[in-house]
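Chemist: If you want the building blocks of each chain, they are given just below.
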Amino acid sequence: MIRAFILMLAACFAATAAHAAPDFDKLKGSLGSLRDLNRKADPAEERAIGQDAAATLLGASPLHPDARAQRYVNLVGRWVADQTKRTGLPWRFAVLDDPDINAYAAPGGYVFVTKGLLLELESEAELAGVLGHEITHVVRKHHLKALQKDQRIEFIKGKAVDRLADDDAERRARLEKIAQGAKTLYAKGLDKRDEFEADRMGLVLAARAGYEPYGLVAVLQALDAASPGSRRVELLFKSHPAPAERLAALDAALSGAGLDGLPNRREGRERFAAELAGLR
Amino acid sequence: MNIMRHLLIIVGLALVPPLEAAEAPREARITRATTVHQSPASDAVVVTKLVAQERVTVSERSGGWYRIVAAGGTGWVRLSGVRFATTSSESRGGLAAPLRLLQSGRAAVTTGTVTTGVRGLTEQELAASTPDPAAVAALEAHAVDATAARAFANELELRPTQVKALKPPAGEPKSDEDDGEGGP
Chain C
1 MIRAFILMLA ACFAATAAHA APDFDKLKGS LGSLRDLNRK ADPAEERAIG QDAAATLLGA
61 SPLHPDARAQ RYVNLVGRWV ADQTKRTGLP WRFAVLDDPD INAYAAPGGY VFVTKGLLLE
121 LESEAELAGV LGHEITHVVR KHHLKALQKD QRIEFIKGKA VDRLADDDAE RRARLEKIAQ
181 GAKTLYAKGL DKRDEFEADR MGLVLAARAG YEPYGLVAVL QALDAASPGS RRVELLFKSH
241 PAPAERLAAL DAALSGAGLD GLPNRREGRE RFAAELAGLR
Chain V
1 MNIMRHLLII VGLALVPPLE AAEAPREARI TRATTVHQSP ASDAVVVTKL VAQERVTVSE
61 RSGGWYRIVA AGGTGWVRLS GVRFATTSSE SRGGLAAPLR LLQSGRAAVT TGTVTTGVRG
121 LTEQELAAST PDPAAVAALE AHAVDATAAR AFANELELRP TQVKALKPPA GEPKSDEDDG
181 EGGP
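Those protein sequence lines, which keep their order, are chains C and V. Under the numbering used here, the first sequence has 280 at position 280, and the numbering climbs by one with no breaks. Under the numbering used here, the second sequence has 74 at position 74, and the numbering climbs by one with no breaks.
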C-alpha cells in the first residue's frame, strides 16, 4: 500500500519535472511578499520610514525659527532618551511652529512638540514627562508597528533605505505610501494601550533622568481642565484617550509605586523659562 | 482727582501679570476615596478621609502632593487622584500647568509682538501635507550627542536614578518597557 503511494508520488514529480521546471524566482518573489508583512524592520528601514513620517508632519507644520529653543528641546529630549536602552538611535527633537497643543513621535527617533504645548508647560520636569511619553512611542515602536499592521506598509529589504534621486519613481511612490499611512495614523491615533503605556513609561523616564516625576500628571490635569471644545486641543483629543481616562490609568499604576522617596528631584522652572523665552 | 486715582488703580490691576493669579486656589474634586495627610508624605499623620467626588480647593503643590481644603479639614492628598474644574476663563490661575491660552481660540494666540496665523496642525492640514524632506534634513543642525546632554544635565544636577517600571493593568501583558526589540 505504502509502496504504491510512493510510486504514485514519484510518478507525479516526474510528470511535473517533465512539464516545466519550477520558476524559482517567481516562487521566491511570492514567498518574499508574504513574509515581508510580518518581518521586523531593521534599524535603517525604521529610520527611513521615520524620515518619511517626519517629512509628512513637517509638511503640515513648519519648524519654529528659534534655534535656542530647538537646541534646548534636543538637550532635554536626548537626556531623557538616554535613560532608555535605545541610546544608539539618532534622536532628533524639534519644536513645531504651531499654536495648537500636541506632540508627535515618528519611528527611528523623531520627536516633535508644538510651540502651543511648550507655552502651556511650567517646568523642564513637565517637558521631560511629555518627551518621555513620545520617546516611549519610539522605543516601543508603536507607530512603526501600527504602520506595518494597519497601513499594510511592507518592509521590503532595501526599498525603504533607498535614498535615490528625487526623480526616482520608486522612491517617490514609497514616500507617498508612507505619507498616506502616517496621515491616517496621526489623525486617528494609536491603540489606547500604547498611549497608556507611553504615559506610564514617560513618567518613569523623567524620574530616571532625575526630574520630579509628576510633571506628566500635572500636564494631563491641565489638559483635563481645558475646555473640550477648544480648537487648540482638537487633534490631540481626537487622537488620544481623554485626559481623565489617562489620569485614572496613571493613578492606578502609581498606587504603591514608591516614587515619593526619590532623592534630589529637580523641576527646572528657571532654566525652562529662560531657554524658551524666545517662544513667548 | 479721586476718579483719576480710581481709574489708575483699575488700570494698574488690569496690568498685574497672570502669574499673580496663579497662586489663587483652584476648585477641584477627588476622584476616589483618599486619605488627607498632615504633610506631603504617605507616612505622615492622616488628618481626615475624603470620599470620591468630594469637592476641594487646591492651594499648593509639593512633588506628588496637593495641599487641599475640604469640608472635613485641610491637608495633603496625592496629586493623581485630583481633577480640576474645567476652566471657564483665560485667567484660570492654578498650580498645574495652566493652559493659559486655551480659551482664547486659535486666532487670538499672540507671541510677543506678532499674532500668529490661524492655522494649526489640524486634521485638514495633515491631510493636505506635502512631505518636506528638506525640513527633516534641517533637524540635523540642532542635534546633540550624549556628551552634550550629560553636561546639560549636570548643570541642573540631574542625577540618573534607578526607578522601577510602573505595572500595566491586570490582564495586560507586562512589557519589558526598555526592550526596543533589539534595535540600537
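For the record, the hints were derived by calculation from the structure and aren't laboratory data. A quick note: this is a predicted structure, and the numbers were derived from the prediction, not measured. There's no promise every hint is true.
Stated by the list, open to error - For the chain V half of the interface with chain C, some residues (derived, Cβ under 7 angstroms), not all of them:
#	residue
1	60
2	62
3	64
4	79
5	121
6	125
7	126
8	132
9	135
10	144
11	152
12	154
13	156
14	161
15	166
16	170
As the list claims (entries may be wrong) - With a cut-off of at most 35 angstroms between alpha-carbon atoms, the simulated DSBU-like pairs for lysine-lysine come out as follows:
#	chain 1	residue 1	chain 2	residue 2
17	C	149	V	49
18	V	49	C	145
19	C	188	V	167
20	C	188	V	49
21	V	49	C	40
The C-beta atom is built at its ideal place from N, Cα and C for all residues, glycine as well.
Chemist: Answer holds if the nearest beta-carbon of chain C is closer than 7 angstroms to that of residue 170 (chain V); otherwise answer violated.
Modeler: Result: violated, 10 angstroms to nearest chain C Cβ.
Chemist: Against chain C, run the beta carbon of residue 152 (chain V) and see if the smallest gap drops under 7 angstroms.
Modeler: OK, holds: residue 152 (chain V) within 7 angstroms of chain C, min 4 angstroms.
Chemist: Regarding the hint that residue 64 (chain V) lies at the interface with chain C, is the smallest CB-CB distance below 7 angstroms?
Modeler: holds, 5 angstroms
Chemist: Starting from residue 188 (chain C), check that the Cα of residue 167 (chain V) is at most 35 angstroms away, please.
Modeler: holds, 26 angstroms
Chemist: Regarding the pair residue 149 (chain C) and residue 49 (chain V), is the alpha-carbon distance no greater than 35 angstroms?
Modeler: violated, 48 angstroms
Chemist: Hint check: is the beta carbon of residue 166 (chain V) less than 7 angstroms from a beta carbon of chain C?
Modeler: holds, 4 angstroms
Chemist: With the threshold set at 35 angstroms, check whether the alpha-carbon distance from residue 49 (chain V) to residue 40 (chain C) stays at or below it.
Modeler: violated, 51 angstroms
Chemist: For the restraint on residue 144 (chain V), tell me whether the closest CB of chain C is nearer than 7 angstroms.
Modeler: holds, 5 angstroms
Chemist: Once the shortest beta carbon distance from residue 156 (chain V) to chain C is found, is it less than 7 angstroms?
Modeler: Status holds, d = 5 angstroms.
Chemist: Would you check the hint for residue 188 (chain C) and residue 49 (chain V), treating anything up to 35 angstroms between C-alpha atoms as holding?
Modeler: Distance of about 41 angstroms is beyond 35 angstroms: violated.
Chemist: Are residue 121 (chain V) and chain C close enough, Cβ to Cβ, to be under 7 angstroms, as the hint says?
Modeler: Constraint on residue 121 (chain V) satisfied, holds at 4 angstroms.
Chemist: Would you check whether residue 126 (chain V) satisfies its interface hint, that is, whether its CB is within less than 7 angstroms of any CB in chain C?
Modeler: Result: holds, 5 angstroms to nearest chain C Cβ.
Hint check: violations occur at hints 1, 2, 12, 16, 17, 18, 20, 21; the rest are consistent with the structure.
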